[in-house]
Each structure stands twice: as structure tokens, then as C-alpha cells.
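Based on the provided sequences and hints, a complete structural model is requested.
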Amino acid sequence: MSTTFSQTRRRSTVLEDSEDAQTVLEALTDPDCRAILEATREESLTATELSDRCDIPSSTAYRKVEALAAVDLLEERVRINTSSKHATEYRRRVDAVSASIDTGGLVVEMTPLEPDTETASESAAAANDGLEVDSDGLFAVADD
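Take 1 as the starting number for the sequence shown in the UniProt record's numbering and just add one per residue.
Bear in mind the hints are in silico, worked out from the structure with no lab data behind them.
No experiment lies behind these values; they were computed from the predicted model shown.
Among the hints, a few may not be true.
Have a look at the derived ranges for each label pair, beta carbon to beta carbon [stated by the list, open to error]:
no.: 1; residue 1: His86; residue 2: Val14; range: 26 to 36 Å
no.: 2; residue 1: Thr103; residue 2: Asp55; range: 37 to 47 Å
no.: 3; residue 1: Thr60; residue 2: Ser98; range: 35 to 45 Å
no.: 4; residue 1: Ala69; residue 2: Val107; range: 14 to 24 Å
Backbone N, C-alpha and C fix where the C-beta goes; we use that ideal spot for every residue, glycine too.
Here's what the structure looks like:
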């Protein structure tokens with residue numbers, strides 16, 4: 001998807017390309033996508049956790065999170081697990097989505113959630129001595 005948009009931190013993202021705007025609206029009309037967005041508002045969850053929480057098949061959960069991430073409604077993070085391999089988790093990125101029609105066609109505006117004071121990676125770092133959060137706050141890495 002090639003998105004034409006303007007974005008600044010903590011400000012709305014405006015999709016000016018009608019095809020991209022339509023893709024976002026289609027995702028929002030899907031009941032499974034809406035359930036995933038609701039479940040990930042307050043906490044980051046893996047696709048397996050979303051499957052359980054939203055009562056949808058695992059294959060559907062994986063397909064839907066990929067579709068939602070592709071249109072920037074979900075963000076992907078890495079959950080650090082010191083006892084096994086790391087997992088990808090998903091968190092809702094937007095607080096509100098509005099659509100309008102102007103002379104150029106369909107326009108979708110996405111208002112982001114306010115940033116958390118503590119990310120999941122920071123929580124993992126605090127719980128596990130010897131881990132740090134990188135500059136983006138998306139990964140925790142082990143000290144050598």
C-alpha cells in the first residue's frame with residue numbers, strides 16, 4: 001500500500017489517497033478487526049492472546065493483525081521473554097478515525113492514542129535486571 005499522508009507526532013494522520021482511506025474504512029467495518037482494536041487499546045497482545053481474547057481462530061487473528069498493522073491502526077512491538085524466544089505483540093495506535101468527502105474524494109483522519117508513560121518494553125526491562133530499552137522504546141536488549 002503506498003500511502004499519501006502527512007503526519008506529525010501526536011497529531012492526526014490524514015490519508016488523502018482514496019484507495020488508502022477506503023482500505024482503512026474496510027478494516028473498521030470488519031467485526032474481527034474491531035474486536036482486535038478494542039482488545040489492544042489498553043495493552044499489547046500477541047496474535048495468540050488476541051485469538052483467545054476475541055474468540056477468533058488463530059489464523060484469522062494473524063491475518064487481521066497484519067491487515068491492521070499495514071494501515072497503521074496497530075503497531076508491532078517485540079515482547080522480550082528471557083526464558084524462550086521473543087514474541088511479536090500488537091497495540092492499537094489510534095484513538096479515533098473520522099471520514100469525510102471533499103473535492104478530492106474520500107479523506108480519512110486518524111487521531112493517535114496519547115503515548116503511554118511506560119511501554120511494554122520498559123515494563124519488561126524493569127522486571128528483568130540487565131535489560132535496556134532502545135532509543136525507540138520498542139525493544140529491550142540484554143546487557144553483555
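Hint by hint, here is what the structure shows:
no.	hint	result
1	His86 to Val14: 26 to 36 Å	holds, 34 Å
2	Thr103 to Asp55: 37 to 47 Å	holds, 43 Å
3	Thr60 to Ser98: 35 to 45 Å	violated, 27 Å
4	Ala69 to Val107: 14 to 24 Å	holds, 22 Å
Hint 3 alone, counting from the list given before, is not met by this structure.
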